[in-house]
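Chemist: Position 64 of the sequence shown, counted from 1, bears residue number 64 in this note's numbering, the numbering being contiguous throughout.
Some clues are possibly wrong.
Cβ pair distances, simulated, as ranges [what the hints assert, rightly or not]:
id, residue 1, residue 2, range
1, Asp103, Asn50, 31 to 37 Å
2, Lys30, Ala99, 17 to 23 Å
3, Arg5, Glu74, 19 to 25 Å
4, Ile42, His100, 30 to 36 Å
5, Lys142, Gln14, 29 to 35 Å
6, Glu132, Ile57, 16 to 22 Å
7, Ser157, Asp35, 33 to 39 Å
8, Asn29, Ala99, 16 to 22 Å
The hints are simulated quantities; they were obtained by calculation from the structure and are not laboratory data. Ideal placement from N, C-alpha and C gives every residue a C-beta, glycine not left out.
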Amino acid sequence: MKNDRKGQRQLFDQYHKYMFNMAYRITNNKVITYDVVQEAFISIFKDIKNFKRESTIGSWIKTIVVRKALRVLEIERKHDAEVYNNYEHDVAWNNQFDAHDLDKAIRSLPDKCRVIFLLIEKEGYKHREVAEMMNINEGTSKSQLFHAKKLLQQKLSRF
């Protein structure tokens, strides 16, 4: 499929929206997300010959997208003057709590907490898999998930 433009287009059409949404949840920045998805699909098309069918192609693509998003997030973090792990975006809450508010609360979490929360709770990864993807130990993944849930609970307890 490396030079099969029609096959590449079909693969892209099938997965790009889902991968964009997942990468956006990780990066929290639409401009960066477009670059992440583009770079991920370039890698996917270039390395499709290495797909070993040990998992579904969707899982393989998701892993590539998540890793690209994490790398970009790490690069952004290194170039930013603020310390993201200690920074929380202010969330303007209204009197009505809905899915949009929950999404805002999740997006307001510190980067590492947000990413781990989404990968485990939304995407269904195991702590071992997240630890491997993010180059952290499994205990760090567990503690960051606990911290994310605690922060969300605090934010949502106002309702």
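Chemist: Does each hint fit the structure? Answer for all of them.
Modeler: Quick rundown of the hints versus the structure:
1. Between Asp103 and Asn50 the C-beta distance comes to about 35 Å, which sits within the given range of 31 to 37 Å.
2. Checked against the given bound of 17 to 23 Å, the beta carbons of Lys30 and Ala99, roughly 19 Å apart, stay inside it.
3. Checked against the hint of 19 to 25 Å, the C-beta distance between Arg5 and Glu74 comes to roughly 32 Å, which is inconsistent with it.
4. Range check, Ile42 to His100: Cβ separation about 33 Å, and the 30 to 36 Å hint holds.
5. The hinted range of 29 to 35 Å is satisfied by Lys142 and Gln14, whose Cβ atoms lie roughly 33 Å apart.
6. Checking the proposed 16 to 22 Å range against Glu132 and Ile57 shows it holds: the Cβ atoms sit about 20 Å from each other.
7. For Ser157 paired with Asp35, a C-beta distance near 37 Å keeps the hint of 33 to 39 Å intact.
8. For Asn29 and Ala99, the hinted distance range of 16 to 22 Å is satisfied, since their beta carbons lie about 21 Å from each other.
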